[in-house]
Amino acid sequence: MKTISVNTSSKLYSVYIGNKIFKSLPEIFRKSDLPLRTFVVIDKKVDRIYGTSIRKIINNFSDKTYFLQLESSEKIKSLTTANQIYSELLKNNFGRDTVIISFGGGTISDLVGFAASTFMRGVYLVHIPTTLLSAVDSCVGGKTGVNLKGIKNTIGTFYQPEFVLIDTNFMSSLPREEVISGFGEVIKYSYLTDKKFYTKLHSNYELVLKKSPVFLNEIIYFSVKIKSAIVSKDEKEETGLRKILNFGHTFAHALESNSMYKLSHGKAVVLGIICALKLSYEKKLINEKQLNYMLKLPLRFKSSINIKKMKGEALLSKMSFDKKSSAGKIQFILLKNFGEILVDIPADNKSILNSIKDTEQIWFKRATAGL
Numbered sequence: 026m027k028t029i030s031v032n033t034s035s036k037l038y039s040v041y042i043g044n045k046i047f048k049s050l051p052e053i054f055r056k057s058d059l060p061l062r063t064f065v066v067i068d069k070k071v072d073r074i075y076g077t078s079i080r081k082i083i084n085n086f087s088d089k090t091y092f093l094q095l096e097s098s099e100k101i102k103s104l105t106t107a108n109q110i111y112s113e114l115l116k117n118n119f120g121r122d123t124v125i126i127s128f129g130g131g132t133i134s135d136l137v138g139f140a141a142s143t144f145m146r147g148v149y150l151v152h153i154p155t156t157l158l159s160a161v162d163s164c165v166g167g168k169t170g171v172n173l174k175g176i177k178n179t180i181g182t183f184y185q186p187e188f189v190l191i192d193t194n195f196m197s198s199l200p201r202e203e204v205i206s207g208f209g210e211v212i213k214y215s216y217l218t219d220k221k222f223y224t225k226l227h228s229n230y231e232l233v234l235k236k237s238p239v240f241l242n243e244i245i246y247f248s249v250k251i252k253s254a255i256v257s258k259d260e261k262e263e264t265g266l267r268k269i270l271n272f273g274h275t276f277a278h279a280l281e282s283n284s285m286y287k288l289s290h291g292k293a294v295v296l297g298i299i300c301a302l303k304l305s306y307e308k309k310l311i312n313e314k315q316l317n318y319m320l321k322l323p324l325r326f327k328s329s330i331n332i333k334k335m336k337g338e339a340l341l342s343k344m345s346f347d348k349k350s351s352a353g354k355i356q357f358i359l360l361k362n363f364g365e366i367l368v369d370i371p372a373d374n375k376s377i378l379n380s381i382k383d384t385e386q387i388w389f390k391r392a393t394a395g396l
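One rule links them: number in our numbering = place in the sequence shown (from 1) + 25.
Just so you know, not all the hints are guaranteed correct.
Derived SDA-like pairs: lysine to any residue, alpha-carbon spacing no greater than 25 Å straight-line [stated by the list, open to error]: (1) 100 <-> 308; (2) 250 <-> 232; (3) 250 <-> 115; (4) 100 <-> 115; (5) 333 <-> 376; (6) 116 <-> 44; (7) 268 <-> 180; (8) 390 <-> 259; (9) 174 <-> 109; (10) 81 <-> 32; (11) 321 <-> 261; (12) 361 <-> 318; (13) 268 <-> 201; (14) 261 <-> 178; (15) 361 <-> 228; (16) 336 <-> 173; (17) 81 <-> 57; (18) 225 <-> 89; (19) 45 <-> 261; (20) 308 <-> 334; (21) 321 <-> 368; (22) 81 <-> 53; (23) 250 <-> 234; (24) 343 <-> 313; (25) 69 <-> 221; (26) 221 <-> 362; (27) 261 <-> 115; (28) 321 <-> 367; (29) 235 <-> 74; (30) 69 <-> 28; (31) 36 <-> 334; (32) 89 <-> 173; (33) 268 <-> 390.
Per label pair, the in silico range of CB-to-CB distance [unchecked claim]: (34) 364 <-> 243: 14 to 22 Å; (35) 51 <-> 235: 53 to 61 Å; (36) 341 <-> 198: 32 to 40 Å.
Think of the hints as simulated: they come from the structure by calculation, not from any bench. All residues carry an ideal CB built from backbone N, CA and C; glycine is no exception.
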């Protein structure tokens with residue numbers, strides 16, 4: 026088991042990563058000196074596969090436990106579902122001395138983090154991600170959120186967990202689609218550092234699809250290490266550093282929303298990264314040689330992500346609501362090279378639409394030689 030420390034201005038906590046380490050949960054609870062009253066919000070699919078063993082371990086150390094099952098989807102990221110969590114907490118006499126545990130993917134952790142941060146002005150929170158995407162993204166860093174009127178994460182808080190436990194054994198049962206979606210978020214990190222991680226991901230693409238525990242542990246550890254270093258320096262996006270974690274996300278969130286969330290977050294990020302690379306090229310931040318090399322990895326997803334037309338004007342409209350927009354101008358995270366990320370870069374509508382059109386063209390044609 027490997028451990029990464031996340032040292033933010035509001036809290037110092039640990040992320041535990043390994044295979045078959047869930048049995049360590051009681052020991053970590055005791056070491057963290059947490060109350061033993063646990064309210065578990067769990068993905069129904071996870072509960073169906075692992076519920077018996079999960080309950081056995083939690084019930085053995087918890088003084089009081091309640092399990093709330095939810096169907097994991099973007100639809101549950103709402104004030105309505107948050108209210109359902111509040112109601113169940115109150116009905117079952119859970120108070121401030123409660124540890125709320127999120128058990129599932131990114132939608133569960135975003136929602137549960139929001140509920141934990143607002144119930145009785147904040148109770149203890151623990152994340153146990155069961156998907157690759159939630160392990161490398163939503164469970165680390167303290168961002169919580171629910172959607173409003175089709176706009177992603179409109180309402181939310183910054184709220185750090187007590188700890189995060191990432192057991193890659195839970196990922197062994199993930200369907201191929203979920204693995205691809207999670208890997209889409211992993212590749213983002215390869216642009217934030219030097220190109221060694223990019224090369225590793227490109228060369229070992231099949232290992233991810235095979236859900237190799239050793240390789241999953243390795244890429245999760247590296248991704249979390251990058252994110253924890255960034256979050257530790259800029260917990261609430263006050264200096265601008267944390268914004269680099271949103272590379273490709275302005276386009277991605279619009280794509281998700283425009284598809285009525287039929288396109289998963291990770292897959293939308295892959296397309297969003299291509300759009301952002303095209304926009305970086307459009308604005309002459311990178312040259313054609315850089316662009317072609319940087320496109321190699323996301324283009325490995327071509328056979329795995331099915332989309333229809335990208336509808337540039339509709340996406341542009343969605344992007345105008347993005348939280349990174351300022352004074353009515355849509356701003357982007359773009360790059361000059363691996364590890365050279367630029368934040369809050371405004372772009373005119375023509376350049377944005379050109380980037381979407383170019384992405385659409387490259388996605389629907391056969392990969393050209395060298396890609």
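Cross-check of the supplied hints:
no.: 1; hint: 100 <-> 308; verdict: violated (36 Å)
no.: 2; hint: 250 <-> 232; verdict: holds (21 Å)
no.: 3; hint: 250 <-> 115; verdict: violated (37 Å)
no.: 4; hint: 100 <-> 115; verdict: holds (23 Å)
no.: 5; hint: 333 <-> 376; verdict: holds (21 Å)
no.: 6; hint: 116 <-> 44; verdict: violated (36 Å)
no.: 7; hint: 268 <-> 180; verdict: holds (18 Å)
no.: 8; hint: 390 <-> 259; verdict: violated (40 Å)
no.: 9; hint: 174 <-> 109; verdict: holds (18 Å)
no.: 10; hint: 81 <-> 32; verdict: violated (32 Å)
no.: 11; hint: 321 <-> 261; verdict: violated (32 Å)
no.: 12; hint: 361 <-> 318; verdict: holds (13 Å)
no.: 13; hint: 268 <-> 201; verdict: violated (29 Å)
no.: 14; hint: 261 <-> 178; verdict: holds (15 Å)
no.: 15; hint: 361 <-> 228; verdict: holds (23 Å)
no.: 16; hint: 336 <-> 173; verdict: holds (22 Å)
no.: 17; hint: 81 <-> 57; verdict: holds (20 Å)
no.: 18; hint: 225 <-> 89; verdict: violated (45 Å)
no.: 19; hint: 45 <-> 261; verdict: violated (33 Å)
no.: 20; hint: 308 <-> 334; verdict: holds (24 Å)
no.: 21; hint: 321 <-> 368; verdict: holds (23 Å)
no.: 22; hint: 81 <-> 53; verdict: holds (16 Å)
no.: 23; hint: 250 <-> 234; verdict: holds (22 Å)
no.: 24; hint: 343 <-> 313; verdict: violated (29 Å)
no.: 25; hint: 69 <-> 221; verdict: violated (38 Å)
no.: 26; hint: 221 <-> 362; verdict: holds (13 Å)
no.: 27; hint: 261 <-> 115; verdict: violated (30 Å)
no.: 28; hint: 321 <-> 367; verdict: holds (21 Å)
no.: 29; hint: 235 <-> 74; verdict: holds (19 Å)
no.: 30; hint: 69 <-> 28; verdict: violated (28 Å)
no.: 31; hint: 36 <-> 334; verdict: violated (44 Å)
no.: 32; hint: 89 <-> 173; verdict: violated (33 Å)
no.: 33; hint: 268 <-> 390; verdict: violated (32 Å)
no.: 34; hint: 364 <-> 243: 14 to 22 Å; verdict: holds (20 Å)
no.: 35; hint: 51 <-> 235: 53 to 61 Å; verdict: violated (32 Å)
no.: 36; hint: 341 <-> 198: 32 to 40 Å; verdict: holds (39 Å)
In summary, the structure is inconsistent with hints 1, 3, 6, 8, 10, 11, 13, 18, 19, 24, 25, 27, 30, 31, 32, 33 and 35 from the numbered list given earlier, while agreeing with the others.
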